[in-house]
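Engineer: If you want the building blocks of each chain, they are given just below.
Number of protein chains: 2
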Amino acid sequence: MIIDNSLVNYYCNTVHIEERDIEEPEKNELNYISLTTHDGEFGSKPITMNWGHQDATLRGPVIATVKHGGQRNAIGAHSGGYCIYTALAVASGQLSSDHIPNLKMTSPTNDFGPFPSWTDPKKIVTLDPWGHLVTTIFEPYFNKGYDIRPTIAVTKAHIDFPEVKDALRVGRLVADGKILKEDGQSMVTKAAIEPVWFLPGLAERFGCSEQTLRQALFKETNMMYPELLTRTDIKLFLPPIGGLTIYIWGDPATIPNEDIPLAVRVHDECNGSDVFGSDICTCRPYLAHAIEECIRTAQNGGCGVCVYYRKEGRSLGEVTKYLVYNMRKRAEGGDTAAEYFNCTRNVAGITDTRFQAMMPDALHWLGITKIDKFISMSDMKYDAIVASGIRIVERVPIPSELIPKDAQVEIAAKVHVGYHGGSEYKVPTAEELKGVTGRGANEYD
Amino acid sequence: MIIDNSLVNYYCNTVHIEERDIEEPEKNELNYISLTTHDGEFGSKPITMNWGHQDATLRGPVIATVKHGGQRNAIGAHSGGYCIYTALAVASGQLSSDHIPNLKMTSPTNDFGPFPSWTDPKKIVTLDPWGHLVTTIFEPYFNKGYDIRPTIAVTKAHIDFPEVKDALRVGRLVADGKILKEDGQSMVTKAAIEPVWFLPGLAERFGCSEQTLRQALFKETNMMYPELLTRTDIKLFLPPIGGLTIYIWGDPATIPNEDIPLAVRVHDECNGSDVFGSDICTCRPYLAHAIEECIRTAQNGGCGVCVYYRKEGRSLGEVTKYLVYNMRKRAEGGDTAAEYFNCTRNVAGITDTRFQAMMPDALHWLGITKIDKFISMSDMKYDAIVASGIRIVERVPIPSELIPKDAQVEIAAKVHVGYHGGSEYKVPTAEELKGVTGRGANEYD
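Chains as they are written, first to last, in my numbering: chain A, 1 to 445; chain B, 1 to 445.
Incorrect hints may appear among the rest.
Just so you know, same-sequence chains aren't split out, so a pair can sit in one copy or run between any two.
With a straight-line cut-off of 27 Å between C-alpha atoms, the simulated BS3-like cross-links for lysine-lysine are [as the list claims (entries may be wrong)]:
no., residue 1, residue 2
1, 405, 181
2, 181, 165
3, 165, 405
4, 434, 104
5, 45, 370
6, 178, 405
7, 104, 414
8, 434, 414
9, 414, 426
10, 405, 434
These are calculated hints, taken from the structure and not from any lab test.
Being a predicted model, the structure only gives us computed values, none of them experimental.
Whenever a hint applies, use it, and build me the whole structure from the sequences.
Structural biologist: Structure, rendered in structure tokens:
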């Protein structure tokens, strides 16, 4: 499928890659098992990766399959942690190591980009902005037999969101027949994005050397991927983590236009609330409120965007999260806002490992330069977005009537440390925090 | 916190471990970086792991932290893929490598087990059944300075589930004030479980040798964890994947009692439906129906259990999922049930990598031996549960009125290949499948 996009042509036709200039892909028999590979060893010739290059074809494809050992230019594997399940499929004899995906008719339903941020090597370092266009941009490589996979996929959906249907029923939202139908369904474009990390750029974001980053990734995971140390010539890493999903109400083509309204929520996964509705936190209610705002903004001719990151429990995971809940509920003096972050610090040694500095990349991928309504109270998210060069006009806190029964502790603790409460929330003093209590252990145990 | 449980005492007091019998934990300075470790090398003396041993103290603790290199007896790291974020925290200087969790007051809110399945090395091979009790069972190790972490955490929650509130409003559910309150909140106990794989046992489940399993895990991930090959003395693997969460309505202590009703749904994650309500699949509606059944069963004195696995897109991940959606919608002849699985096979080379053979372990952890209502149509799930020794009395398909607008293709395709439709669904012939169509590409693009 040809994507008729003059900008893509501009970025990809400055230099034309001939198939004859591309090396034969190594078809790795995988009979000899090497424990790791080393920079410069015989047969090792990774396809050149010029991260952020003006020309996508010269930027080069991300080669991360297990097939082309010599040409692979990324550490790790596709599909995040699901590569483990791919391995099980091979172990059980149900999936051939040789399988090459048939990608016919899978191309994006909508065009995205290119945008100037895509060719600024500092602006995007945690995903491949060209990841949804690999079959067109790197067609000569495909024709040569390379197994290159998309790391971004774009499709559409019709959404049945219960809270939206409630809002329609009570008149808070009005059906327009296009964005929001009479039966309460809303129309979205959505993009799934797998992580592709450019290690030098990521190290810069963290203010450490690339070597420090590589060593920490290796050591703190009990020696996952020695290539992190042995292959300093390979700059890309596909980590075994969850990715992100972007939901867009309205016409995505309007997103880069600063004169057209744009509402954005950045949401970090919380299964307990987002799916199951636990009343100890504000996650799903805030997401629901954001979706209403997104629909309204789209109905006004603009766009509403929700970006959903797989960062459960502040990226500490759900086991840690429940341990912290228990500590909070059993604390002497009860579950108080004063101890909210201390409990996490006690168990995990840190309150948050989401690292919002990585987050704006998805917004840059969309071509965002200005956000009219930023539907989040997080100072960390706000600061990261603004520091990355995107302007934010208005910050929208969660309406206080949407805060679930046992979530006052969360809100008070967060507003105290710097979350933006606007005029809706008074900033509690340290003393007042002690008086904001949640459900007690006796109601709990 | 002492867990007063006579069964735990029985399993843990047959042999008492003295602190003096435990080796000093190695405090790894981590100045010397080894690319991998080898079986039998100097300083390598993993704490003995006797998987499935009758006595939990003799079974031994799972040691997976980065601190005690010599005594570590598991490949991989805690928190699944979130260990990558832990590494970022260390790289950025925000988390000390030395941190040891303070686990005071984090112990489970409810007792679980022990059960006979916990000490059958074949019954549970994908999680550590003692994972929520580590601070009590392995107390001598903690006192000696070992960093041992729970891999299971148990807490409670109050649930605001929109569809439950709807059901209450229209009278499908009735508040009892204890399981389901007047305001629509329901009470749950919930457990988060991280994966702990016993490789020999897992290989048996897959019908392959342990060596084949280890090699596939290593090769298909582009050489993640060489220890999979070099440390055949280490039998445990903590893979960087998502875990599972168990939601329980009613008193968990009734679960093992075959005379008390038990309803169970096994649910594999689908973010697009579970959180956002996409109408192309039945996931959230089926989960909502299951939760209603769980509440009713609990109100009748029994228990309702939902087990939620992080297996997005049949464990193929969301990028693959969206590529498949696009292929379905653009197929010549439209999106038909006849092509439902073919599209996945085209893109991924396989239709499903969830491997339900691993799934029953969570049910065995709960002490389940008989399920009265199994709320799933999946023949793969049913077969895996029954093969593992659990009886299923009744299978509950999704009520047809709950099937979203664009999900008829999914249901028809599944019932055709063997999903249990009961009396609710007629099994379509291969010819009839071609006539079951979804929304077309023109409504889609």
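Engineer: All hints, please: hold or fail.
Structural biologist: Against the structure, the hints come out as follows:
no., hint, result
1, 405 - 181, "between (32 Å within a copy, 13 Å between copies)"
2, 181 - 165, "both (10 Å within a copy, 23 Å between copies)"
3, 165 - 405, "both (22 Å within a copy, 15 Å between copies)"
4, 434 - 104, "between (59 Å within a copy, 21 Å between copies)"
5, 45 - 370, "neither (41 Å within a copy, 57 Å between copies)"
6, 178 - 405, "between (35 Å within a copy, 17 Å between copies)"
7, 104 - 414, "between (47 Å within a copy, 24 Å between copies)"
8, 434 - 414, "within (13 Å within a copy, 54 Å between copies)"
9, 414 - 426, "within (11 Å within a copy, 53 Å between copies)"
10, 405 - 434, "within (18 Å within a copy, 49 Å between copies)"
Violated hint for the displayed structure: number 5, the only one.
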